[in-house]
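K.L.:
Listed below, chain by chain, are the residues.
Protein chains: 2
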Amino acid sequence: MTNETIETMLNHRSIRFFKEETLSDEQIATIVRAAQSASTSSFIQAYSIIGVKDPEKKALLSEYAGNQPYVLKNGHFMIFCADLHRHVLAAEMEDKSAEEILHSLESTEKFIVSVIDASLAAQNAAVAAESMGLGICYIGGIRNELAKVIDLLGCPSHVLPLFGLAIGIPEHTSDLKPRLPYENIYHEESYQPDDDIMKKQLAEYNQIISDYYNSRTAGKRQDRWTQQMVSMLSKRSRMTMDQIVRQQQLMKDERQ
Amino acid sequence: MTNETIETMLNHRSIRFFKEETLSDEQIATIVRAAQSASTSSFIQAYSIIGVKDPEKKALLSEYAGNQPYVLKNGHFMIFCADLHRHVLAAEMEDKSAEEILHSLESTEKFIVSVIDASLAAQNAAVAAESMGLGICYIGGIRNELAKVIDLLGCPSHVLPLFGLAIGIPEHTSDLKPRLPYENIYHEESYQPDDDIMKKQLAEYNQIISDYYNSRTAGKRQDRWTQQMVSMLSKRSRMTMDQIVRQQQLMKDERQ
Chain A
1 MTNETIETML
11 NHRSIRFFKE
21 ETLSDEQIAT
31 IVRAAQSAST
41 SSFIQAYSII
51 GVKDPEKKAL
61 LSEYAGNQPY
71 VLKNGHFMIF
81 CADLHRHVLA
91 AEMEDKSAEE
101 ILHSLESTEK
111 FIVSVIDASL
121 AAQNAAVAAE
131 SMGLGICYIG
141 GIRNELAKVI
151 DLLGCPSHVL
161 PLFGLAIGIP
171 EHTSDLKPRL
181 PYENIYHEES
191 YQPDDDIMKK
201 QLAEYNQIIS
211 DYYNSRTAGK
221 RQDRWTQQMV
231 SMLSKRSRMT
241 MDQIVRQQQL
251 MKDERQ
Chain B
1 MTNETIETML
11 NHRSIRFFKE
21 ETLSDEQIAT
31 IVRAAQSAST
41 SSFIQAYSII
51 GVKDPEKKAL
61 LSEYAGNQPY
71 VLKNGHFMIF
81 CADLHRHVLA
91 AEMEDKSAEE
101 ILHSLESTEK
111 FIVSVIDASL
121 AAQNAAVAAE
131 SMGLGICYIG
141 GIRNELAKVI
151 DLLGCPSHVL
161 PLFGLAIGIP
171 EHTSDLKPRL
181 PYENIYHEES
191 YQPDDDIMKK
201 QLAEYNQIIS
211 DYYNSRTAGK
221 RQDRWTQQMV
231 SMLSKRSRMT
241 MDQIVRQQQL
251 MKDERQ
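Chains as they are written, first to last, in UniProt numbering: chain A, 1 to 256; chain B, 1 to 256.
Keep in mind the hints are simulated off the structure, nothing from the lab.
Ideal Cβ placement from N, Cα and C applies to all residues, glycine included.
A few of these clues could be false.
Coverage of chain A stretches by chain B, computed from C-beta distances (three or more under 8 Å per stretch; other residues unrestricted) [what the hints assert, rightly or not]:
#1 68-76
#2 103-112
#3 166-173
#4 212-222
Under the rule of at most 27 Å between Cα atoms (straight-line distance), these lysine-lysine pairs were calculated in the DSS-like manner [to be verified]:
#5 B:148 with B:200
#6 B:96 with B:73
#7 A:57 with A:19
#8 B:73 with A:200
#9 B:19 with A:53
#10 B:148 with B:220
#11 A:235 with B:220
#12 A:148 with B:73
#13 B:199 with A:96
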């Protein structure tokens, strides 16, 4: 049971080396239109996409993202933002005072809605690009220096850049990385209540991931997935996120 | 510039009436595997999918979601959850104390990561289903009664249901709903600094949306988009979200 679209998705791997050939405006338009076709919560369309071509700006973004060269060297770079700014403009256009909507607009609920909307649009963009033979890589690294990114892109209140998407003609290919076991991700009727079953699945997955690295590095690397995760999570990174989100006037609920 | 995959995405419309024919296990597996193939932040795979077939459980979910009949009547119903629970299990497997990772795990940053991961997976599931000739509808309504949904599905700490996805054979089709103007969503080099330009785009869009309703309701409905948004945002809905997220031990940053 498969088709071209499903094959495209199953063949996804992140691409980190692109040919230096820029996307045409027509290619960009096709990708953005696919993004816009994604579902949106109550038609709110609470996201924006900022396309960056200027090499100096891309170099700065690359630096902010931890010197990832593929933020600079690609066919096009887009940044997906949670965006409730145009809804403030909508209130002005309807002659409503901002106060009437801000309590709802600046809630955790609406922030979650905007993150989901931006992500659904981005994944359509990613799949559209891949279906055209292009490669993609999501860049969460822009959140390393998010205040600087907000400043560089001139994002007003109620707009928060979430991640970048590097797109281009692949300069290489890479291996498919095995995902978590199906049963570990997909639960039936209710959340898997038995942690021991989940741990057994994770132990089997550790073996698959160790074998994956082992065979690709001639034995130099044999990390387990659980080890990678614990190593990542024992570092405290981007701990100012809550503060930056609220500086952008999002998720401002008073906590009890 | 188009292909089958892009056509599938451009033809998306939400389907709210499905034939009473359940998806085969093979169809479900194909959809879940497509979901799992989506990008994930640093390989964290911070989401789970709960598939619900039990008609009694679906009836309850339908009630919680504001009596949406298509939550009960469809080919399959899935709930996408932000999930950092298995990463706590990973720490136990690596003989680390939970304390070593919880500060990072329970941060706003990691909550955002898990919402993005769940949404990217969901959009792959949606596109995969549509590429197979099925229809879909996202169900944000489960957040109306999220505490009850968490209880019904037995979600442990660090797991938060975000939205449902109803899938099935379409019983009808509906019209494509025009999206916001391209230039309103897609900005170049930086966020559009001129609110007047954005308002002009929104005014043009209002006309398109009014015409859309007008022609489909023989003049009975002519709402503007800005009017719909302001009407929605002047109601305070799901204002306990911040509290529920923190009850699930997510996004627990101390606020300054």
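K.L.:
If a hint holds in the structure, say so; if it doesn't, say that too.
P.N.:
Status of each hint after checking the structure:
no., hint, verdict
1, 68-76, "violated (count 0)"
2, 103-112, "holds (count 8)"
3, 166-173, "violated (count 0)"
4, 212-222, "violated (count 0)"
5, B:148 with B:200, "43 Å, violated"
6, B:96 with B:73, "45 Å, violated"
7, A:57 with A:19, "19 Å, holds"
8, B:73 with A:200, "35 Å, violated"
9, B:19 with A:53, "47 Å, violated"
10, B:148 with B:220, "38 Å, violated"
11, A:235 with B:220, "58 Å, violated"
12, A:148 with B:73, "48 Å, violated"
13, B:199 with A:96, "15 Å, holds"
Against the hints set out earlier in the document, violations occur for numbers 1, 3, 4, 5, 6, 8, 9, 10, 11 and 12.
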